[in-house]
Each structure stands twice: as structure tokens, then as C-alpha cells.
Amino acid sequence: MTDQTAPEISNNHANAGYWTRVARDGQKMGFWFVLPTLLLLVFIVVFPLLMQLYLSFTWWTPLEGIPWYQAWEVFNWGENYWYMVTDPRFWGALWRTVLIMIVAVPAQFFLGMALAYLFIDQFPGRKLFYSIMLTPMMIVPAVVGLMFFLLFQGTGPINDHLGLPPEFSCLTDVNRAMISVIIADIWQWTPLMFLILLAGMLGVPSDQLLAARLLGGSNWQNFFKIILPRMKTVIIIALVLRAVECFKIFDLVFIMTNGGPGVQTETISVFLYNQTFGELEWAYVATMGLSILIALSILAMKGLSYMAKK
Amino acid sequence: MALKYFFVLLACAVVLYPLLWMVTMAFKPHPEWTTVAGLTWFPENPTLQNFEFIFFGRAEGLVVSLDRTIVGPLIASLVTSIMGTLVAVVCGTLSSYAVVRFGLAQSLPLSVLQLRLFPPLAVMIPVMVMWSFLGAVDTWWGLSLIYGIVTLPFAFWLMKTFFEEVPVEIEDAARVAGCSYWRVFYRITLPIVKPGLATCALFVFILNWSDYLLALLLTQRDWVTLPVYMATLTSAMGGQMYGMKAALGVIAAIPPVIFGLMIQKHLVRGLTFGALKQ
Amino acid sequence: MSFRTPKLLHPSRRQFLKSSSATMAAAGSMGMLGNFMAAPASAQEFAAGMTGGPTGFDGAERFQYNASMSEGRAIEGIRALRAAGRVPERLTMLLTDGAIGQITRPFPDGAPSVKEVWERETGIQIDIVGFPAEDIFTKVMQDVTTQAGSYDIYTGPWNSTGDLVSSGGARNCSDFVAQYQPDWGDPERGTPTPEMEQLLYTYAGDYYSVSLDGDFQTWFYLRGIYELPEVQDAFLTETGHELAVPNTWEEVDRISEFFTGKDFGYGTMYGNGNLMSPFWGLATFYARFASMDFPNFHFFDEDANPQLNTELGIQCAEEHVRSFDWTPPDALTYTFAEAYDQMWNLRIPHTAIYTNIVKFGDGYNPDGTPRSAATGMIDSHLPVGRRFGDQINRRSVLYYHITAWVSSQSQYPEAAYLFLQWLSSTRTYTWMAGNPGGYFDPMQQANFREPLVASTYQQYSMETIPATIARSVPSINFAGQTALDNALDDELQAAITGQKTPREAMDAAQSQWERIIRRQRRNGIEEAILASRETWPTIVDEA
Amino acid sequence: MSSIQIQNVTKRFGDFTAVDDISIDIEEGEFVALLGPSGCGKTTTMNMIAGLEDVTEGAIRFDGQDLSRIRIQDRNIGFVFQNYAIFTHLSVYKNLSYGLEVKKVDRSEIDRRVRAMADRMSITHRLDQPASSLSVNEMQKLAIGRSAIVEPRIFLLDEPLSNLDAGFRAYMRAELKVLQHEFGQTMIYVTHDQIEAMSLADKIAIIDQGKLMQYGAPLDIYNDPQNRFVANFVGSPRMNLVDGELREERGELHLMLHGGAEIPLAGKVRADFTSDARVHSGSFGIRPQDIYFGDRRGPTDITMHGKVEVLERVGPKRLAYLQVQETMFLAFDDHAQLEVGDDVPFFLPSDASMAFDLDSGRRLGGR
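Those protein sequence lines, which keep their order, are chains A, B, C and D.
Under the working numbering, the residues of the first sequence are numbered 1 to 310, in order.
Under the working numbering, the residues of the second sequence are numbered 1 to 278, in order.
Under the working numbering, the residues of the third sequence are numbered 1 to 543, in order.
Under the working numbering, the residues of the fourth sequence are numbered 1 to 367, in order.
Some hints could be false.
Only part of the chain D face toward chain A is listed, based on derived beta-carbon distances under 8 Å [stated by the list, open to error]:
(1) Ile77
(2) Asn83
(3) His89
Everything labelled a hint here was simulated from the structure, so no lab data went into it.
Glycine included, each C-beta is placed from N, C-alpha and C at the ideal position.
In isolation and in its complexed conformation, chain A is listed as follows:
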């Protein structure tokens, strides 16, 4: 941003002719328009990726006592990668992330789909209910973590409703902690599914739906044969969005359980955080970060090309 405006101001008088020419030349102006974004991209993508690649082949940690650019002194020929492949904690965290994904995303999808189906026609109060339904996803995830932290306290309302004693704690139990986190995630992100799927559902031409009903199709039949196939793109977008976001899940877990008890809710993001500031294995974190980036990029490319084909 500054890169663009600074020369404009300073050169305004001395070089007035240049900027007038730029304003008259679409390509030149476009170049200046794109420049700040390009610079930011280079700044945040190219440079960090190279640094990450470099560090991932070294032992370097902040404990090393040498600046990162001298990390070549502790070059380790990719041992980090081998360490990663054989690190049970890494795979555990990865598995837990995937677990949240394969439980929460389908749950959000089905709930969102059912809700969208409820909201497909007009009915009195729809606008109000619709607004209410959207609220959870607008709430700061950290606050959602706090909300469910409060709810799942032993002395909180959930235990009270279920008649459970305060000792029956959800967040500190080996099994229930994960379930609690997943419930919170479902609560927050079902509305997103709902929103996107409803938009897709409303995109199905209403006369085709009517035609299907008049042809004798039951609601179920019409839903599966007419609505669903027409929503394919929307569904893929919604699922991909959520699945990707699941990989980032951090705030919720960190505030609700801090990855605990033990490592029972340690997702990949929490694991990376702990490795960064707990074990301080920065080169190793760089290795995992880079690997995840590459894996996700390949998946994303596959997904995008699949979508482009459709």
C-alpha cells in the first residue's frame, strides 16, 4: 500500500507527467493497482516458504544460540522429516484433527441441510428465525470457546439439566472432552452450512420442484432426485470450506481444554503451538508446517481441478 502511494506523492511535481500517463494507460494503472497485493503475497508466501524449507533441513531452534540464517551450521539432511513420519504425537494430533473433521463436518452438513429444508419456503417469522440461526458463526470463536467452557463446567447448566453431579466433568474427562469440543464446533459452524446450503437450495428453480411434486414425487423423492443433484456444486463448496477450516481449529480447543486432558484434544494446530513454545522445536515445526502446506495444496489443487471439470 505504502509502496504505491509514497512515490505518487513525492513524485507528484517533479514527475507529474508519469502519473498522468499512468492514469491514461489501463495496463500501467493496473500494474500499480496489483503491485501492493503482489508485494504482500511475496512477503507472506514466497519468503516464508523458502525460510521454512531452509529451516526444515536443520536442527535450528531458538535454543541454538545462533540466528536463524546461520542455521546451515546445524544442517541435518532431512532428519526432521524422518522424525515427523515416526512421531506418534504428530500422527495423534493429525488423527484427532481428522476425527473432528469426520465427525463435525458431516454433522454440520446434515443439520445444516435439514435446517435449510425448513427454511426453504416463506413462513411468518422466517426473517427473525433466520437471523437467529446465523448468530453463532458471527461470534468470535474464542468467545464460543468461553461459552462452552461455561456451559460444560461441572457446576454449569448442562450437568444440572442432565442431573449429573458436578464431579462428572465434561472438559477434563478423557473421552468427553473431545465430544465437548466437537459439540461446540458443530454449534458454531452448522449455521455456515445452513446458510450456504439454503442459498443453494433456493437456487433450485421452484417450478421444477412443483413439477416434480405434481408428477407424484414425495418430498423425499424430490429432495434426492431433484434438489440434491442440483446442489452438487454448492455442497462441494460448503464441505471443502468446512474441511479446510477444520484443519485450522485452534481457538475453540485452546480455550476450552488447552488440548487436554493429556493430549486428548490436541489437534494439529494446538500441537504445532505447543511444539513452538513448549518444546521449542522450531525447525521441526517448520518441517510439519511445510508438509501440511504441501499436502493441503495438493488436495486443494485436486479439488479445484475437479470442480473446474464439473
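Assemble the complex: chain A is given as a structure, and chains B, C and D must be docked to it using the hints.
Structure of chains B, C and D alone, referenced to chain A:
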């Protein structure tokens, strides 16, 4: 129809349940915080002392006091969110316009999108090294810069769809009338997409305001944002101070919910990077 | 250290919530919450020959000093620095939140707070930023690695000194120590032995860390219950032994097993009050591990190889896992705060834990109410070990132990150091250790001779704590510590929750440790391990 | 195949009454057109028959059975939408088979009937292609075929021809008639095009502003419109309808037209106008083809004089625009004897003339 209302009301109840608990908790006095003395949904003795406590550091009837009030983090959150929004919206607007109108940098949209796919923690090591090298840790501009970069994809894609909706004929007409490209952009196109620009700014602001992780990594003391402050207090206060935590949560939750409802119409577009419009 | 605020506040504390405002105040003192009550203006004079220190209460003269004492040298040092224009207006200290009250709250009645005395004498403001004990080192490392330079002083677990030093985050204070001569190792008032001074205040031969705590796991038990005739009788009938203070782990386990499920009129009890949860429970394991062989069973052998999956290591793990049968429900989620609560409510007969369990739970509140149901029933005993012939190797463990470091990013390291010297010197520290506003525990010899400390920590602790310190082994305290502890912790938890057998868990932990050591080898971890071995006490007792 | 009784049906949307107390009886196998200008309520009426809209008041019965209790999918109605509502994500085959598949008809039976229908609609060569690739004309056929294949009790068509090009529209019109005979099904057809209605329907229901104006066979409606609206709406070219005040002078009854001209009333039409003494202003109607030139043919025929303003060729005939003062009459110049600018007499046969009450639009007298 009755069945439908039943399900709709049920869904709304599930949505409101945790919210209600937190919001009413913020107005409850200490004895009502837990269900030990029985569950109360609405405060029997409503009080503002929780808010008083987090704003002034102490409250009547409480033996404890707070050494850092919410004021600093509130200001930090506002400043960094707004500046981050500015960076994202300005860069996103300019570059998406260039991509849409001048056909420049056709690979930009995808690269920008990829930026969003990555878990921020996976690039955090270099970012922290860079930020500390720049002396940007725990400064308002350092946090604003990363906010701007992280939300740039949203601003870019959102503005792209808005620009695509402006008929090119309008611009051509103005250009035939002798306007420069810059003037056409600034005087014709920008005013047309103004509502879109406002939507985009609000959307990006919500995202910035909602951040926790980046602020957790890149601030220490002076520019700690609201969610980080909230989480620290949450763990620092232990289990007891439920009411204060809830009051914090309510304050942090309000702006995005209001703004979100304001831009309801465009949420789908924003969240799907313009892939879907409502 | 003491009252850490549990991060996930554990539900179990109905009593906590229902109980008096004293609990509430204790709760409040954790957190970034300090109670800034204005101290009464103190008109009293210093005792003869004294130039500084607290005033305004009986016995204040015991904490006063002059330029010939450690505290006085620190104050003089600041004055000299001020003359040279090298003092800041304020020093920022990142502090475990549960300890803030000890610096900011006046004690005893009529006294100023520690902070006020310092600020009055030096004019340098102390800004305290509180952070939860469990996460504070994360915050420290973040400040170090991102070069944020937000603090002049860090605090955190003593175990992490190695990590902090190798990251370059802590300033080497050897020159300051040489110049200002703190009384940490004073043969009369300071640490019991010069070795202990080395262990607590230095790393690799240089001064980095300033001890502000006494985290030597100490045994407490409910004498009031042990002495009940019906308990005595039942124990004899059931086990064939007299119920007495235990000397060995075997006896400990026997007592734990006996009490589990019993009700002697105070509700159902559980036998094992030791911490078994992640992070905190490691101390329990290390303590048991250290006494497996005579005189010590080291974590690493002479070649710096881990000894986790040796026969003795596995036996230790089996005992540790078995002792889990006698713990209260949800013990896996307990921090020390919950464990304290179990004893205060007479649900466990004994525990080896941080010493401020009595600070907050024995004795009486200012209003005369007992601090807990256990008031008057608690007593303390020596660490336990194992019988080898006619000798017993009693062992405890030094774990966590809040420690301060001067940040290498501080603009005013000398002033920051001088504040720490002043704070940790035997007079100020003794005064502060008596303050019930936070969880810094006593550990200097002078502390245990001080009536104020004795009144807070109870007379019975005044002998057992020093004896425990003398028999404590250090837990892991060199660079790589976090990784080692985490790896072992995960495997222990897996064994306790039945996901692995103790043997499998120890095998896995062993290979994890070997991996970590291999990774850290070029950082000199092996030398550090061997150096750490040297600091283990060899003192043994007659059986 | 069913008969349909629409009984006093009213439909309100809030304060707006879209359909006002309409009753129509449709016999089994009849082809009925709902005709009216756009927004008149004909589509709403059809939607109510299909069940897409609820009935506010009144009832719709199939063979005497009240429809309101039957779910849409069980009504067995063939419905052809204006834009066909083809399932564009399915193949032509799947479109045709949809109605049978959801009824779990045997697979081989489905195949047989789909192929027969495709054959009938001459879209067999398109069967395996995606429906989205069809031309508009083929979509029309597919839409009809898809509805017809389930052998519905009745068939509803919503402006089915309006999207077609002119040539195909004429072809489809004929085709529809044939199909209706072939299927022998009760059909209801909504249109705003009176020619389509006249040429296809067995009966026409003319609707205006939610009210049923007239219901009857096309010729009856043409020859004997019940009110001014129907008279004006049906017929091409339109009927001459001139409004004026009735004035009696010396035993002669005149209709004083607003343009200044006057029509001396005589014979049957005079009787019609006087049939209701309360009427003071009226409309005089006569179809262009009933006006003649040359010699007066009947004693009660009314003589007028007008100036030929325009001559327009309509097919083999010429249509003359005759200006009388400010009023214009249209008439067919059968023998091509007029020239523009001629001032000619023309005759309005009293028997073929119609009288309407200007205020209510009601027809006065009768045939």
C-alpha cells in the same frame, strides 16, 4: 406446519441456549454463577458489577481487584482490526479491479485463495522470525499488517464479484467522454460499488476482530487484543470468576454480531469467496 | 509455589464456592488480581543501624537491613546507578499470577507491601503482568523468540532455566552477583548447602536464575485421623502393622490401600492424595523413581542413557499405576489446588505436595474461622524411600519452583537484577514467604526460623521442610526438559488410563527419550545430564 | 379422467382478492380454456386446481371429491408450465420416466411407456441426451409428454405456447387438439390469447379482475357475449363498441355518442335498450363483419354516414376505418368498392347489434 415450527423453534433454542447462559451470566451476582444453589436462567438479582469489575478493575463487594482492565485490549482490538481492514480492503479493491478490468495477473485470484487455505500455524515460524526481525511484535502496525494479509483473500474475492457486476459499458461510456482510467475508477466505478465496499469492510472487520491466534502469537503486553485478554483472564481467574468472564465474552461478541446481521445478505458471497451469491 | 489457579476450573469445588470469603480472596489472589489496599502511613522508625526495609509492625526490625547486608547492597547499587543515570522509571515483571499478592499485598497488619517498600526506597515502579503458572513459560519463550522485549524480568518453572539459557533469553548475572554479593548461599541464612545454591541459582556454572519458591514435595498427613483409636485398630487388624508415619513407599501404599473406601465419620476417604494428573503428576513419579535404588536411582545412567525401561524403572511405573487405584475420582484432572482441597475436606489421609497446602488450609482466618475442615489435624513427615539393609534412602523431588530471570532484552539488566537480589535476599524473602497472599514458599534457612513464616506454614513444617530440601533430587532441568517431560508424561498417562501396560509405556517413553537425546546431542545434552546427576543428594537415614 | 367442479371459489392474498367467487363445471373429457388478460386471476385459479395454492373460500371437487384434503403429489394432475420446468440436470429419458419412477412402476413397464411416449412426441432420437440440450420446441413436447405419461386425471396447461415461435405455435396448437382427442383427457388451458382459446377449447371461461365474466362454448361466447367485457375481449378484429347517452326526441330513441355523432336506434336493439327503464347511458356493439355498405337490406337496419379514413388489408378482405364525427367504426369492405376519403353511408343491422348498460357492463335484452 406445526411440526415445522416445532423444529425451527427447537433449532433456535439450541442456538440461543449457550448464548443466553453467557449473556445472563454477565448480569448475575456471584451466588448465581453456578448451579450449586440451584439453576437460574435469568438473574434474580441483576447486577452490573461484573462489567464494573472488568472496566474499573474493582467492584463493590468484591475483595479482589484486577491489575489490567479491559480498556487497553479494547482499544488494541479496535485499532488493529480497523487498520487491518484498511490494508485488506485497499489492496483487495485495487488488485481485484485490475484483475477484473484490465485482465492483469490472472493467476492472482488462485494464489490469493491458496493463502486462505493454509492453517496460519503452519507458517507461523517464519512469520514470527520475520516479525521479530522487523521489530513488529507487540506493535499495532505489526498486528494490523498480518491482519491485512490474512483477510486480503476475502476482500479480494468479495470485491472481485462486486466489480464483475458493474457493467463495463458504463465505464466505456465515461472513457469515450474523455475520462482517464483513474478518473473512471475513482469517480464512476468506486461510487457504484460503494455498498459492496462497505459490506466488504464490515466483513473483513469481523474476521479481524474474531482473531485469536495471531494476536496470541504476535502480541505480548501492550497490544494484547480482546480475545487474548479474555482467554488469559479466563485461565488466570480460575474457575471462579464466571460472571466476569461472561461479561468479557459479551463485550467481545457484540460488534461482530451486529455487523454480521447488517451484512446478512452478502454473507454467503463473502464466506464462499464469491463462489455463491444469494 | 502454591496456589496455581487451575486452568479448567475443576468443578469439584462446590465447597470452594460455598465457603467463606477467605477462599474467594485466595481465588482472587490468583489471576492478575492483586488487592491494592492502601497501606497505613507508617511513622515508625528503622531499628538502630538499619537503613531500609519494612516498618509498622511488631518484628519489622527482623526484615530491616543496612548497606552491609544483601538487601542494602541492592538498594545502594540502585542509588549508584541512579547517580549514573542508569535506572528506569519502571521495571516490568512477568509473574505467575498466583504469586502477585505476595508482592502487592501488605503483611502483616500495619505493614506496607513488598512492592511499596521497594518503590519507596528506589523510586522504581514495578509493573507486574500476571500469567497462569502452567503456561507462563510459553509466554516467556514467546517474548524471547519474537524479540518483543516486553519484560525486564521473567518468572517461570526452575526446570526451564536450561531452555531459557540456551535460547539466549536469560541474562548471565554472574558479574552482578560478584559485584553485589547476594546472601543466597549464606551459611547461616541462605540455602542449606552450597550445592543447593549451585542447583537453584546457577546454570552451567553461571548465575542466571533467582529462586523465589520452595517447591520440594513435602509429605503431609492427617495426624488427627491417624491417631483415632478405631483407625489404629482397624489398620492393625487389616494389615497386621501399626499405623504410623510411613518411611517407605511400601508403607505409603499400604496406608493408601487401607484408607480407600473407608469412612471414619468424615465421609468416604480415598487413600492416595498424590498428584497423578498430567504435568503436575510427574513430580509424584520422579520422587518414587529416585529412591528405587541405593542411594539414588537416577533418571539417566553414567552414559546419559535413560533408565526408564530398566527393571527398576518398570517396577516404579507399575507401582505408580497401581497407586492410581486409590485416588479420588477425577484425580487425573487435578492440579495441586484440587489435591489440597481433598485433604482440607478430609478425603485423603496423606499427600506429598507443595508446602503451601497448610498456608491456605491449616490454621485460622483473621476472623477466627478455621481455614478448612482439616485445621488442627494436619501434620508433616519426612520424605519416604526404600529400605536397603538398615538404611533408608528418603527422597523428594524439586519440581516447578518459581524462578526469576533477568531478560536478556532488558534495557536495564542491572536494575532488574538488583530488584531480584533485593526480593530474594534472606530478609525480604523471609518477610514475603510469610505473606499468605500468594504461593512463594519458604526454602532458606532464615525462613524456617521466622515466627511469621511459622505462623503461616505451621510449626510442624519448620523442620520437615528443610529436611525434605536436603533429601530432594532435581527433576529434569536442562535444555530439552519440556520435550523430555512431555514425552514421559504422555506415556504415563497412557499407562494410568489403561491404554498401555506400564512396561509398554516405559518402553515407549524410553525410545522417545533416546530420540530426544539423539536430537539434542550436539547441544551438549549428555554433559548436562551428567552434570545434573552430580547434584543429587546422597544423604541416607538409619532405618 | 375426471370431471371438475369449481364451486364459489375465492382466493385472497391479504387484502387483495385474486379470485372472486368463481364457479365452473367441467365435464369429463372437456377441453376448457381459462381466458383473460394478464393478472385477471386465471393462473391463480389453475394453481388452486393443481393444489399449488390453497382455496380461501369455496371448494374444488374432482368427481365430487373435495380436493383440499388431497396432497399435491397424490392429485395426479398433469401440469405443463409456461417455461416447461424441464429437469435440466437429467436426461430426456429420466425426465419422461420421473413420474413413473416415483410411483415405483416396474422397470420394464417404465421403459415401454417412455419409449412409446417419446415416439408419440417424436423425440426418440433425443432420449439419451441431457434435457438441457433440447430446443424450446422439443422442451415443449417433452413437458407435455412428461405430464401425459403418468395418465393424469386432468391436464393443466399454463400458457404452453407463449414461448414458441409463431410457426411452431400454430403447429402445436393443432397438435394439442389432436393430443387432447387421443388422450381423451379433461384439460384446462390458461391463455390470454383469445384466438388460441377459440380454436382449441370446448368451453371458455372468461375471467376479468378475479370474476368469472362468462363461461360457455366458444361460439356462444362469440355470438352472445353476456357483458361488455366479453364482447370487447372476444373476436378479431374487435367488436365496435360505442358509448353514449340515450335520448328520446319526438318518439325517436337516439344514442348520443360522446364524439358528437348519434345512432338512431330501431328494431331489436331499440327494444334491448328500452328493456330496462333505469338505463340512461349505454354501449352499442356491432361486429365489423356485420356492417354492410350499398343498399339497405332490412327495415330496422340503422343508417350511418362516415368518411373512410384508412383502408387496411386483412387477408383477402379490406378493413375500413369509418369516421363519424369523433367516433370510429370498423367494417369489412367486402367488395372493394371504397376509396380513402369517400363519404359513404353504411348500415348497422339491428338484429346483429347488441346493447350494454354502460355502468354495469351488463348486456341488455338478449339474442
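Comparing the hints with the structure gives:
| no. | hint | verdict |
| --- | --- | --- |
| 1 | Ile77 | holds (6 Å) |
| 2 | Asn83 | holds (7 Å) |
| 3 | His89 | holds (5 Å) |
Comparing the model with each earlier hint shows no violations; every hint is respected.
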